[in-house]
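Assemble the dimeric complex from its two separately framed chains, guided by the hints.
Now for the letters of each chain:
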Amino acid sequence: MEVRAYLTGQFAKPEQLIKAYRDRAKGKISEQTLDEVLRKHVREVVGVQYASGLTYVSDGMLNWHDLFRPIVEGVGGLEVNGLARWFDNNFFYKKPIAVGELQFRRSITEGYVFNEYVKHGELKVILPDPFTIASMSENQYYKRFEDMLFSYAEILAEHVVNVEELGVAQIQLSAPYMAFTRLSGDEVEMASEAVREIRKRTRAELLLHTFYGPASNVIPYALDFPVDVVGVDMTLSKPREVTDYSITKPLCLGVLDGRNSMLEDVRALVKLCKRIADDAGLRLLHVAPNCELELLPYEIALRKTRLLGELNKALGEVE
Amino acid sequence: MEKLFPTMEVGSLSKAPFITRDKKRAIREAKEWGERLQVENWASLIEALNTENSLTPKELQDWASLYGIRFLESAGLDVIYDGEQRRKEMYEYPVNFIEGFEFRGIVKVWDSEFYRKAAVIARPRLREPYHLDEFLFVKKHARRAVKIPITGAYTLADWSFDEYYVRNIGYSNDPRRAKRDAKHEFVLELARGVIRPNIQKLIEAGAEYIQLDEPAAAAKPDEADIFVESFNESIKGLDAVFVVHICYTNYAWLFPHLLDLRAEIVSISCSNADTRELGVADTKRPGFRVLSIFREQGAEFKVAPGVVDVHTDFIEPPELVRDRLLYSAKVLGDDEKVVACNDCGLRTRRWEVAYEKQLSLTRGAALARKTM
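Sequences listed follow chains A and B, in order.
So the first sequence is numbered by the numbering used here: it starts at 1 and just counts up by one.
So the second sequence is numbered by the numbering used here: it starts at 1001 and just counts up by one.
Chain B on its own, in the form it takes in the complex (with noise of 0.2 Å):
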């Protein structure tokens, strides 16, 4: 990613639009999306579709995957994945990765949002690596360089109940003090016993951008610290290029702690609390001031801020990410420090609307680069 402005997918796409029971609808988008985004052999598949029970779940998944390799190649991003197409969610599918982990049940998250949670009840281990197999699909087929997203090992512990630190740790008369201390033994032990080992096996597939997703990393302003040590512990003596997506909080708690981060990129939302309306002066991008606070403390990685909010369906012309990015670089004191993404993954939208979304990205960031 040398060039001003690099463009990076981050998170997952909605699932591909031929995954579907309707047959006569899996047929016509596969066939649409085959063709516009040139997915090698789509006709065979047209032809599997067609067929009662030709195509196994894996093969399936198989195609899912590849059109969304090349959904996120044909709008031009210059890192990509596959629209995490294999996945429906980033915790219980992990877990099951795990020893020292049993489920309790269900937990709401919001209305009726729900998740199946754990709880560690022994020292964690990791039982056989994860997403493997995914990857050396996507690196097969890949004609960009790839980087491969991986729930972050706070995340995992934060989302989880905890009834073997705090047990063991246990001194009532100050609980506070006792479930930080487990937490972070909890987070730690994670990091050094599951993502660690995980992320070396994904390094020797050839992995070579990987990405920690840690949406609880600032959900708890006093453990700030506990993330970022669980994120260098996670990535200790590994080789690769190691980003951070944190979305959808307060930044300004994640600091100073988050200068000792060893990540290249820290991939955050903007979009989401920003204007529509073009320009670069700071009442036009008062979801980008945060980045101010990235500057003055003297942050020394590269920032992804949002550029596209993944909550709506309203396409951002392509002049808006260039202002959006223009105005980042400013704050920021520095162009290369900005590398272009959405706020989060677009897996709540259309593909119609998410590739639009993603055409923009593009084309905005090569307006950006023209005008510097």
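Next up, chain A with everything else stripped away, as it sits in the complex (with noise of 0.2 Å):
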């Protein structure tokens, strides 16, 4: 079977760079040394990657606070206000505000996107999808949501723009919302129109992954979205809520919990796979955990990407 494995998100923080961060923080260290710090485990993630043999490697996104900052920080017209849950994890997250037009000022590639890791033609960015980002903003700009939405469309478009003169091979739209929430049909109208905006300015393999619900909340109309893979949280779903339908397209399969420290059984995954490979007829299959590693300790999610790199090889040996 032909297999492709990648992470899904924010690597999980090292105790050593959560220590940098605090200390810089309180001026005990410099911004250069937190900088080696850093780079230490980015190279440390990026080669764990390498290692298990993944598809795509991504530089882990160690100094991304959360999946919106970096890219709020980067436009004009957004403000972060206090802590907000992010969906139902004991995680939080800064809430972007607009309070003006959104408009592009930085590129993540300024400072948040460690390409030096990662061979030219292997790198997986990624990026909030839009409507995730716009629903767990807050609006005090614009009139309509629909016109916010749209704005952070266009930024989006920009930063795939510049990270694909990095030589991307992937870039991930990660829309927790989407499986979290069942959108209505108005909503999944925009929340494809404006992903169809970014769609428009890329051409490396682009990935719609949803996580934090059932593959039914999204399944229905994601085949259907401007992408090249739709990603699913099979750790929320019954393989029946995938292989009902009629699958056009690729699937990324989040099969490794990304939320629980134990260890999945390598064996049982692959059966899983192969059995909703098997139902939906599909000849390619995406592998991934179902959501981003930063909810883990560092060393259980060093483990969890060696055991991506078990299964993708398990998987790859079926025939």
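The hints are simulated quantities; they were obtained by calculation from the structure and are not laboratory data.
Even glycine gets a Cβ: it sits at the ideal position worked out from N, Cα and C.
Mixed in with the good hints, there may be bad ones.
Now the in silico label distances, taken between C-beta atoms and shown as ranges [stated by the list, open to error]:
| # | chain 1 | residue 1 | chain 2 | residue 2 | range |
| --- | --- | --- | --- | --- | --- |
| 1 | B | I1019 | A | G100 | 26 to 36 Å |
| 2 | A | E189 | B | L1004 | 51 to 61 Å |
| 3 | B | G1279 | A | L166 | 49 to 59 Å |
| 4 | B | I1019 | A | R144 | 50 to 60 Å |
| 5 | A | Q32 | B | N1053 | 48 to 58 Å |
| 6 | B | A1281 | A | K40 | 49 to 59 Å |
| 7 | B | I1019 | A | S30 | 26 to 36 Å |
| 8 | B | E1089 | A | G100 | 57 to 67 Å |
On the chain B side, residues computed to face chain A include the following (Cβ under 8 Å) [unchecked claim]:
| # | residue |
| --- | --- |
| 9 | G1105 |
| 10 | V1107 |
| 11 | S1112 |
| 12 | D1158 |
| 13 | D1174 |
| 14 | A1219 |
Encoded structure:
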């Protein structure tokens, strides 16, 4: 079976890096020392992905405080307010607030993407999907939600253009909101059109990755989105919630649980993936953790990455 | 708490200001607060601070606890504790007293804030009671009613990894159901095997008011029933006044299950979403409109809306506290259902600010009583 395997979000932060951030905040260490610690761990996270044989390699997003922050920092017209819960996790993000017309000012390639450690053409970059970031922002400026949504889409499209120049192989749009909440027909249409603005600007493989909710909230419409791959959270989905539909494009099965420390049994995952591939008639399968590994301790995130490598290899050997 | 708008502490204060390596500052703060709060024998603390290594860490904690007790009493609160002066956090400490858990490492909560997260690997059992010594100290020294806070079963489970129940249940064809059933069993076993016996020990030691802190209660909309069942199991057959504190969440998600909660008081946060303008009109009190859900749903328990915002140094004037209480009474349709307290603990505020806020709380409640 042809398989592609990769991570799907921010990697867990190692203790040494956390300490470095705290020390920097207190003025105990310089920006340069912090950068050295950061880069050391970026190399380690990239290294474990290469050693595990993953198809695309992410830099681990170790300096992203949350999925939105680097985007917010590079946009005029946005501020961040207090903390808000990140879906149903014991994890909080700083809520973006649109206080003016959104204007692209700085690319994430300036300080938030470490492509130098990844071979050209193997880099994976992750961005929020426009509907997710818009839905989780507060709108104090635009007359309509739709206006803010498409402003975000424009901003994200600019980022996509910038990362494509780095030799990116896959761009992931993280769309947890789409799985956590069942969108209405109008919302689906808006969300799809917003993604189209991004699609227009890149030829890289585009993955719409949904998580924190069942595939049944997503599959009925997401296959029609202008993307190459659709990702679903199999840690919260029955296989039938995927295979009951006519699958018209490659799926990314989020089968490793990024929210629990228990290590999965690779044989059981192979069986699950094979069953879904067979029932859905898929010849190409993408496999991944269901979500970011940031909600795990660093050592466990490393072990889950190696496990993903084992799954990739085992599935590759399946006829 | 029979008077109208009784006042109640909720959560922790920051550490007593004399807990510092700066010796001069420690002595100055111990003196200032000792005089201000009329802490008995404060001069002997100054003497000890002046003498190198004459205080053990335990003795220093005792002093901090005593100052915390007098802080809340001096501000005039009816129900007090010690500002949780011996506690650093609310998860790791209790987990250390429970068999069946293993720490897995640190995980992020936001930015550079992390906590050490454990996994349940076997049925949880109380190894030995916790919070008992600190409670006995507070009880011995307090001159007002004492309410002890303890982290609830649902939050302990929600903040842990599950490497035991999911494995045991594990029907892979329906992972959502498997996870929910596993969580249900995990939470109830914590309630029965850990929280209830611990509360039993606290009651035997004289605890009359017990607050279960459940910040995770409304994190998962489809698990409100599990939270409520776990609370009721935690206190089953026990005789005390039970309070539950749930802050900064969507309270609507807890209904209708919350109606089955066997708590006397539900403490919630309101002021952080409110305006600072005086008045009892709906437009002036947006943070308290959430109380209408409690009334519409027919909640029988008392509600302790936070009338003081703990995330700002703004000192609420007593008149603002009064109007928030009067508005709460109006929305709930029953004056006797309203208990006055803060949104949450004041641990992010300096003692100076926290004290002024607590004075405003008690003065505002007195004004509200007068108005009624």
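Quiz item: Which hint numbers does the structure go against, in order from smallest to largest?
Solution: 1, 5 and 8
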